[in-house]
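Q: All chains, full assembly: derive it from the sequences and hints.
Listed in order, the protein sequences are those of chains A and B. Last residue of the first sequence? That's 460 in the UniProt record's numbering, and every number before it is there in order. Last residue of the second sequence? That's 460 in the UniProt record's numbering, and every number before it is there in order.
By construction, these hints were calculated from the structure, which means they are not laboratory data. A portion of the hints provided could be inaccurate.
Which copy? The list can't say, so a pair holds if one copy fits it or any two copies do.
Derived pair list, reagent style DSS-like, types lysine-lysine, alpha-carbon separation capped at 30 Å [said to hold, decoys possible]:
id: 1; residue 1: 401; residue 2: 429
id: 2; residue 1: 164; residue 2: 386
id: 3; residue 1: 386; residue 2: 401
id: 4; residue 1: 431; residue 2: 202
Number of protein chains: 2
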Amino acid sequence: MGQDGSPAHKRPSGSGGGLPTSTVANGGGRGGGGGRGLLPRGRQMQKTFNNIKITILCGFVTILVLRGTIGVGNLGSSSADAVNQNIIEETNRILAEIRSDSDPTDLDDPHETETMNLNATYALGPKITGWDSQRKVWLNQNPEFPSSVNGRARILLLTGSPPKPCDNPIGDHYLLKSVKNKIDYCRLHGIEIVYNMAHLDKELAGYWAKLPMIRRLLLSHPEVEWIWWMDSDALFTDILFQIPLARYEKHNLVIHGYPDLLFDQKSWIALNTGSFLLRNCQWSLDLLDAWAPMGPKGPIRDEAGKVLTAYLKGRPAFEADDQSALIYLLLSQKDTWMEKVFVENQYYLHGFWEGLVDRYEEMVEKYHPGLGDERWPFVTHFVGCKPCGSYADYAVERCLKSMERAFNFADNQVLKLYGFGHRGLLSPKIKRIRNETVTPLESVDKFDIRRTPVEFKPQN
Amino acid sequence: MGQDGSPAHKRPSGSGGGLPTSTVANGGGRGGGGGRGLLPRGRQMQKTFNNIKITILCGFVTILVLRGTIGVGNLGSSSADAVNQNIIEETNRILAEIRSDSDPTDLDDPHETETMNLNATYALGPKITGWDSQRKVWLNQNPEFPSSVNGRARILLLTGSPPKPCDNPIGDHYLLKSVKNKIDYCRLHGIEIVYNMAHLDKELAGYWAKLPMIRRLLLSHPEVEWIWWMDSDALFTDILFQIPLARYEKHNLVIHGYPDLLFDQKSWIALNTGSFLLRNCQWSLDLLDAWAPMGPKGPIRDEAGKVLTAYLKGRPAFEADDQSALIYLLLSQKDTWMEKVFVENQYYLHGFWEGLVDRYEEMVEKYHPGLGDERWPFVTHFVGCKPCGSYADYAVERCLKSMERAFNFADNQVLKLYGFGHRGLLSPKIKRIRNETVTPLESVDKFDIRRTPVEFKPQN
Chain A
1 MGQDGSPAHK
11 RPSGSGGGLP
21 TSTVANGGGR
31 GGGGGRGLLP
41 RGRQMQKTFN
51 NIKITILCGF
61 VTILVLRGTI
71 GVGNLGSSSA
81 DAVNQNIIEE
91 TNRILAEIRS
101 DSDPTDLDDP
111 HETETMNLNA
121 TYALGPKITG
131 WDSQRKVWLN
141 QNPEFPSSVN
151 GRARILLLTG
161 SPPKPCDNPI
171 GDHYLLKSVK
181 NKIDYCRLHG
191 IEIVYNMAHL
201 DKELAGYWAK
211 LPMIRRLLLS
221 HPEVEWIWWM
231 DSDALFTDIL
241 FQIPLARYEK
251 HNLVIHGYPD
261 LLFDQKSWIA
271 LNTGSFLLRN
281 CQWSLDLLDA
291 WAPMGPKGPI
301 RDEAGKVLTA
311 YLKGRPAFEA
321 DDQSALIYLL
331 LSQKDTWMEK
341 VFVENQYYLH
351 GFWEGLVDRY
361 EEMVEKYHPG
371 LGDERWPFVT
381 HFVGCKPCGS
391 YADYAVERCL
401 KSMERAFNFA
411 DNQVLKLYGF
421 GHRGLLSPKI
431 KRIRNETVTP
441 LESVDKFDIR
451 RTPVEFKPQN
Chain B
1 MGQDGSPAHK
11 RPSGSGGGLP
21 TSTVANGGGR
31 GGGGGRGLLP
41 RGRQMQKTFN
51 NIKITILCGF
61 VTILVLRGTI
71 GVGNLGSSSA
81 DAVNQNIIEE
91 TNRILAEIRS
101 DSDPTDLDDP
111 HETETMNLNA
121 TYALGPKITG
131 WDSQRKVWLN
141 QNPEFPSSVN
151 GRARILLLTG
161 SPPKPCDNPI
171 GDHYLLKSVK
181 NKIDYCRLHG
191 IEIVYNMAHL
201 DKELAGYWAK
211 LPMIRRLLLS
221 HPEVEWIWWM
231 DSDALFTDIL
241 FQIPLARYEK
251 HNLVIHGYPD
261 LLFDQKSWIA
271 LNTGSFLLRN
281 CQWSLDLLDA
291 WAPMGPKGPI
301 RDEAGKVLTA
311 YLKGRPAFEA
321 DDQSALIYLL
331 LSQKDTWMEK
341 VFVENQYYLH
351 GFWEGLVDRY
361 EEMVEKYHPG
371 LGDERWPFVT
381 HFVGCKPCGS
391 YADYAVERCL
401 KSMERAFNFA
411 DNQVLKLYGF
421 GHRGLLSPKI
431 KRIRNETVTP
441 LESVDKFDIR
451 RTPVEFKPQN
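A: Here you go:
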């Protein structure tokens with residue numbers, strides 16, 4: 001984005017140029033009465049002087065107006081800037097077209113034509129039953145698609161973002177960095193990624209869009225044992241740490257939160273749906289079915305929002321969100337669900353960014369990767385930063401710089417194998433941290449994290 | 001990016017406002033000689049009239065200047081626009097800061113302090129010898145990291161983009177879509193991805209940056225059999241097609257191109273380095289070492305560019321690029337290298353976009369995925385579109401819309417398993433293409449492409 005070349009922000013400088021028609025001067029001359037020849041010399045000089053003043057002033061005005069029209073400030077700039085500006089303007093026009101989705105080939109979609117029946121409960125899809133046995137049979141019949149690989153249950157990480165460009169241009173850049181961060185972590189831990197950029201259900205758009213996609217993936221990937229939803233504004237910051245799946249053998253939903261905030265205070269932030277794991281089983285399909293009804297956009301979501309605000313402590317007034325709705329569901333139907341829900345807080349499956357991002361240098365000094373908790377957070381989650389949208393809850397500068405720091409903090413752990421590290425946590429540039437040798441495999445043995453899996457030891 | 005609110009593009013309208021100090025009038029008064037009292041009434045009126053004219057003119061000028069400064073055109077816009085504009089301006093400021101990399105903790109880097117010796121040949125790193133046996137020993141010692149998985153050689157796809165936000169904001173959005181496209185393909189084919197956003201070597205920046213990264217990955221990932229470099233502007237468009245590795249058992253470099261363009265015409269586009277495979281072996285390390293010397297930015301790259309332009313048919317005059325340099329190397333040292341180079345054109349390992357993007361609907365009508373060639377291109381490569389930069393070789397609109405089409409054409413093949421497809425090749429919206437059932441595993445059996453690998457049958 002180049003400098004605004006408009007001269008309107010620059011103070012006028014320099015004197016007038018050419019001689020515009022000097023109507024004021026003429027008017028002045030005519031208004032004065034009498035021709036020139038009749039005036040004394042002194043008066044004539046004064047008159048001439050006045051005319052010159054007015055001419056200069058008019059010339060000045062004309063130049064100001066002309067500068068605004070033709071952009072004199074741009075005459076000296078390179079044609080490259082002009083080309084750049086043209087490209088950006090054309091891009092914006094095309095963007096607007098894409099955003100308005102002016103594709104004429106829109107076809108009928110049953111979801112759109114059916115009248116919304118407010119009395120009917122919204123359904124994610126036809127009710128599936130016996131999924132556990134269906135899945136078990138399928139796995140037996142398809143041994144080339146086991147649900148465990150190298151002794152570890154298969155995990156699929158689901159994340160995503162809206163299909164259209166971000167309102168704030170920097171948003172797409174941070175989405176890109178965020179997905180690179182996830183690619184790195186998942187490559188090192190044998191986790192598959194699905195990056196969703198489609199709204200499977202118009203009614204469940206926004207933060208609710210994860211529900212239909214999770215269901216669709218559970219049913220389409222019987223070989224996957226766990227679906228791990230992760231927000232696009234959450235970054236991995238402990239590249240070594242591994243989800244301690246053995247902890248959850250008897251559970252189907254693993255979510256970060258605090259039991260006292262949940263059961264005692266009924267706080268709307270008792271749990272965080274920015275990063276959670278859901279097992280591929282009938283229970284999970286049932287949970288999704290029970291969770292979804294507050295989601296459909298419009299009157300249902302609005303009314304549900306009021307219920308949630310009344311019920312949950314600290315919740316502001318806004319439409320129903322998936323997190324509040326889940327908390328409400330788990331509290332109001334505690335006996336049905338809680339036995340299979342693991343409320344995890346021994347490591348940062350979700351780590352709220354504010355208390356973490358300023359301590360990265362201290363962490364490097366005192367601790368090491370693999371801890372996953374407040375000493376070296378597994379996930380740093382930029383709740384409220386919203387780089388893709390326009391209305392963040394936090395200052396833009398604080399957010400962007402913090403995200404940059406988190407990204408580089410994680411990237412350093414990845415680059416270590418390759419012998420590099422960032423020059424500073426705000427720097428995109430890297431430097432060598434280790435000399436190259438003619439025996440590179442010694443470094444591989446030493447630094448490839450896949451060769452040294454870390455075991456989680458909870459502090460409590 | 002909001003409207004440019006500067007009034008400099010608007011014609012001035014309205015009359016003057018306040019009364020600025022009228023130095024011209026005063027000067028005029030003083031220059032005229034004599035006080036007011038000494039002038040006849042008519043002359044006094046004329047003088048007054050002149051002063052009023054000058055006052056009005058000066059007021060007019062003042063208003064023009066003020067409008068430019070405070071942006072009167074903006075006073076009526078909504079506060080939301082103002083907030084949005086503020087956020088975007090602040091973002092730009094931060095971006096400029098990040099781009100200028102003002103991190104004070106820059107440390108010394110040996111590469112930077114050494115004086116460039118133009119007589120010395122540039123080296124990617126210390127000369128590695130005996131890599132084949134080093135690697136073989138390592139593989140034997142580390143059976144948990146085999147170079148083949150499920151009977152298929154392990155491939156690592158390397159792609160990337162510069163660490164800073166794109167000059168053109170839409171660029172980051174297409175980089176995001178491009179990496180999602182690669183994530184989808186690679187998930188379905190068991191290929192690992194490294195997304196590089198770091199310059200490992202300042203001298204080899206730009207299109208040359210792939211060389212040091214490829215070398216680093218070969219040496220750091222002995223378990224990987226092939227490194228597959230793919231440009232960020234290349235999209236997978238045949239999700240089913242699989243690289244026919246058996247074809248290349250005796251080769252170490254697989255690259256798209258045409259032998260007659262290469263050997264007969266010495267054309268600078270005889271091969272395309274936007275998508276190629278390099279085997280993990282000593283030969284490849286040697287090739288990289290022989291390839292790199294034309295790359296160092298500055299006089300070396302400039303001079304090398306002249307050599308390449310003189311030698312290669314059709315090459316414009318510009319600094320040495322990696323593609324021309326490789327062609328030159330393979331031609332000038334044909335006997336050393338060509339035996340192990342497979343010049344592939346039986347499918348579109350690289351498919352130039354212009355002749356392909358308008359035919360996608362026709363392809364859907366007549367053909368099917370898995371062919372990989374002009375009937376259903378494996379890769380559609382948007383050479384010259386440069387959405388991240390400013391100086392594209394093709395019209396912006398044509399490029400962006402074509403990339404959108406290619407992305408959706410590929411995405412349809414991925415979404416098919418889930419029962420969805422885009423409403424049109426330009427539409428981000430999707431629709432159901434298959435009703436949901438209570439027996440979803442039937443769809444899995446039918447549509448999961450991993451269950452129906454396709455065998456490549458060359459037409460020649």
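Q: With 30 Å as the alpha-carbon cut-off, assign the pair residue 164 and residue 386 to within, between, both or neither.
A: both (15 Å within a copy, 19 Å between copies)
Q: First find the shortest C-alpha distance between residue 401 and residue 429 inside one copy, then the shortest across copies, and answer within, between, both or neither for a cut-off of 30 Å.
A: For residue 401 and residue 429, only the intra-copy Cα distance (15 Å) is at most 30 Å; the inter-copy one is 33 Å.
Q: Regarding residue 386 and residue 401, is the shortest C-alpha distance of 30 Å or less found within a copy, between copies, in both, or in neither?
A: Both. Shortest intra-copy (13 Å) and inter-copy (27 Å) distances satisfy the 30 Å Cα cut-off.
Q: What label fits residue 431 with residue 202 when the C-alpha limit is 30 Å: within, between, both, or neither?
A: For residue 431 and residue 202, only the inter-copy Cα distance (10 Å) is at most 30 Å; the intra-copy one is 47 Å.
The structure shown violates none of the earlier numbered hints.
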